[in-house]
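S.K.: Spelled out, the chains give:
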Amino acid sequence: MSDSVTLGPPSGRPVRQCLAGLWQNSGMLVVLLVLVAGAAAFVPNFASLVNFKGLALMVATVGIIACTMLLCLASGDFDLSVGSVVAMSGVMAAVVVNATGSVPLGIAAGLAAGALVGLVNGTVIAVLGVNALITTLATMQIVRGVSYIVSQGKAIGVREEGFYALGNTAWPRFDGYFPTLSVTYHAGFPWVQWSFGFAYGDMSIPTPVWIMLGCFVFFGLLLNWTTFGRNTLAIGGNAEASRLAGIAVARTKIVIFALQGLVAGFAGVILASRMTSGQPTTGQGLELQVISACVLGGVSLTGGVGTMLGVVVGVLIMGTAQNAMNLCRIPPFYQYVASGGILLAAVLIDRLKQRRSR
Amino acid sequence: MTDPGACYLEFRGVSKSFPGVRALEDVTFGVREGSVHALVGENGAGKSTLLKVLSGVYRPDAGALLLAGQPQTFRGAAEALHAGVAVIYQELHLVPPLSVAENLYLGHLPSRLGWVRGRRLQEDARARLAALGEAIDPRATVRSLSIGQRQMIEIAKALARDAKVIAFDEPTSSLSRREADRLFDVIRRLRDDGRVILYVSHRLEEVFGVCDAATVLRDGRHVRTFPTLEGVDRDTLVRAMVGRAISDVFHHEPCPPGAVALEVEGLMGPGLARPASFTLREGEVVGCFGLVGAGRTELVRLIYGAARATTGTVTVGGRPVRIRGPRDAIRAGLVACPEDRKKEGIIPIRSVLENLNLSRRRHLSTLGFIINERRERASARRQVEQLSIKTPSLAQHIMNLSGGNQQKVVLARWLGGQVKVLLLDEPTRGIDVGAKSEIYAIIHDLARRGVAVLVISSELPEVLGISDRLLVMREGVIAASLERGEATAEKVLSLALPVAPEPKREASA
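Protein sequence lines, in the order shown, are assigned to chains W and L. If you count by the working numbering, then the first sequence holds residues 1 to 358, one letter each, in order. If you count by the working numbering, then the second sequence holds residues 1001 to 1509, one letter each, in order.
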């Protein structure tokens, strides 16, 4: 019985099974499409290119950090310190720019601060073997404290205008009339009316969005097409087997956390640039938003499973929901409830799918 | 007791498929009341799937499961339990930090108004255990018990649920001889009580020892049911299992041993009682036998760097190697396949391709870090063919492969590299006969190419059959090194047994 070798893909399937396969493999993509279609149909001002640009800018911070959180989760760990790192790097950058008058130096300081936190996280977790949840829970508080101490609890405004460029420039400069679908509500039947038209708007792509796209591509390639990325997934799948197979588990983990810190630091600097100040209160709860986005994107919290495309979809689901709610002027208190509901619903759908396939 | 001829438990045309695998196909057989019915077959024959159908974990795609003539549809393990079906898996389902009594009544603790009745719980538990002839303190935590005792608790748990059908999945795989004998006594007693016992095992001696009837599965199909095992011999059963007679599983061709490939000198660390020293020569297959707990696995882990040695030196190919971790060992050409395949060997949720290439990704990649998909696939495909690994595709998750094929994947990682020394810890545990002989062939092929191989095994015929030389370990010490000619089963076993007489077995209550 053991001498037959079968290789190659299973035989072709009819179209219906293909659709079922799409739902099975990329259910969250289907959820995103339904969400976007629904918002376009019923939320005024949603379906326009200019709004989509705004949406992309809104999710930039979460999107950038989600890239490295994906690596972290794929290797079977967590990082809860990213929100605090965002605040601290912003504060550091602001302080250094003000002290030295040099923008590059300030940015470097922000990045270095983030990377240092990541390095500490990684070393404590990988070398000393402390649970990642506990380690980063501790550094989350330490780092938040440090950013309050350094800033003395106040927002630090940056005087150097060159610093604003990172968050507030856009390229290419581009404005004109862009297609929009307008939604109008009436008291009588038909209650909703749609009309297609063109509206004037600024479509220059903001720098943070470019940076986010760059991160998606770079870390997507890193995860799928490098030995580092594959080793990350292997470690998340079974750390002991990976170690015995000769993978440098500790080193890989340290690199992952250092990258996570570096990227969160970068996001923090960009945010500070957008706000033209380093603020110690920013990024509270950001780590949970980032992890939510990853989970929405099908990344397993136990490690070993995760794709960049999934994360992009997860980030967009969160962004779309938030954007639609903002456009509907739903108060932020209710938005929390809705965001939590969406996360729970997504995970439940996934559960049900798995149960059915059993 | 009711009519002994009636089949209490029946499978009728049970089929179950998974993506890419047809696990069960039209399986039909019945199990009589008051009998122990063996379910045998090679790995991947469908035994585990059938047990999961029985316990309600899987729902069959077609066919039915009948209890006392009534078709059953279980929507989960709880419903199966409720209907009186308990399955005792290889990996026991106990909660280690809880007490024995709490484990016994897990899910239905005796309570009054929601408060647990502690005294009653303990008395009941004690009575249950006493009925099985076990004198275990119900207040002890399960963590503190031996595997054999834990198994008894699983059985007591099933009885506490009033299970009529009890299925055992490889119950003796981690038991000592004595514990296994105790288990058989209990199983016979359960049978005499009129319960229905389904017994899954690879160990045919056990099947002949404890079972009354047997059903053979092969490739998910029902091959044959022996209503009685009287007059049935081992060969008949094996032939039914593999579809061919296995005359000679072990082929041994002595290789002229070459230069010293591995020299271990004064190696000491956790699990060893005395510093260990031995050598392996190129082209030599050395067996390592010992009872469970003799320190074999620990020795290999120390050599390989999976555990840190306190003293001692390891020399590979004449060059001393400083081993701080598996990576150092691998770089020196010293590789190992760990004992626990699932925990230490494979990445279950990743593909066969990734598992095959785990250790040489850098080697297969472009510029040392960019994945070269084509080269990876070519290499994996070659290995799949060379070792005849049975998998629907390279993208299949490795956890869906049978144990034998998983083991071949783990082994394949080290083939073709610059391997000088290969350490194998129980390479054939839980693997069917066909895959075993293939693994032996791979071992000998490697030896012929000059690799020094150390094979740890708990199966005496196996180590005797494949080794050029044999190391016997006893209580953390290498007790002897025997040449092939002088190693007999009796001699090896007597060397492996503890010197001081074992404490006398307490009279069972």
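It is worth saying that the hints were derived from the structure and are not from the lab. Careful: at least some of the hints might be erroneous.
Said to hold, decoys possible - Straight-line Cα separation of at most 25 Å, SDA-like style, residue types lysine to any residue; simulated pairs:
#, chain 1, residue 1, chain 2, residue 2
1, L, 1342, W, 53
2, W, 53, W, 248
3, L, 1343, W, 128
4, W, 353, L, 1164
5, W, 154, W, 166
6, L, 1164, L, 1257
7, W, 353, L, 1077
Nothing here was measured: the structure is a model prediction, and the numbers come from that model.
S.K.: Work down the list of hints and note, for each, if the structure agrees.
M.R.: Here is how each hint holds up against the structure:
With a CA separation close to 48 Å, the supplied pair residue 1342(L) and residue 53(W) exceeds the 25 Å bound. Only pairs whose Cα atoms come within 25 Å are accepted, and residue 53(W) paired with residue 248(W) is rejected, the gap being roughly 41 Å. A hinted pair counts as satisfied when its Cα atoms are at most 25 Å apart, and residue 1343(L) with residue 128(W) qualifies at roughly 21 Å. Between residue 353(W) and residue 1164(L), the direct Cα distance comes to roughly 34 Å. Violation of the 25 Å bound is thereby established for this hinted pair.
Between residue 154(W) and residue 166(W), the direct Cα distance comes to roughly 22 Å. Compliance with the 25 Å bound is thereby established for this hinted pair. Distance hint between residue 1164(L) and residue 1257(L) is unfulfilled; the C-alpha atoms sit about 57 Å from each other, more than 25 Å. For a cut-off of 25 Å, the pair hint linking residue 353(W) to residue 1077(L) stands: about 20 Å separates their Cα positions.
Hints 1, 2, 4, 6 from the earlier list are contradicted by this structure; the remaining hints agree with it.
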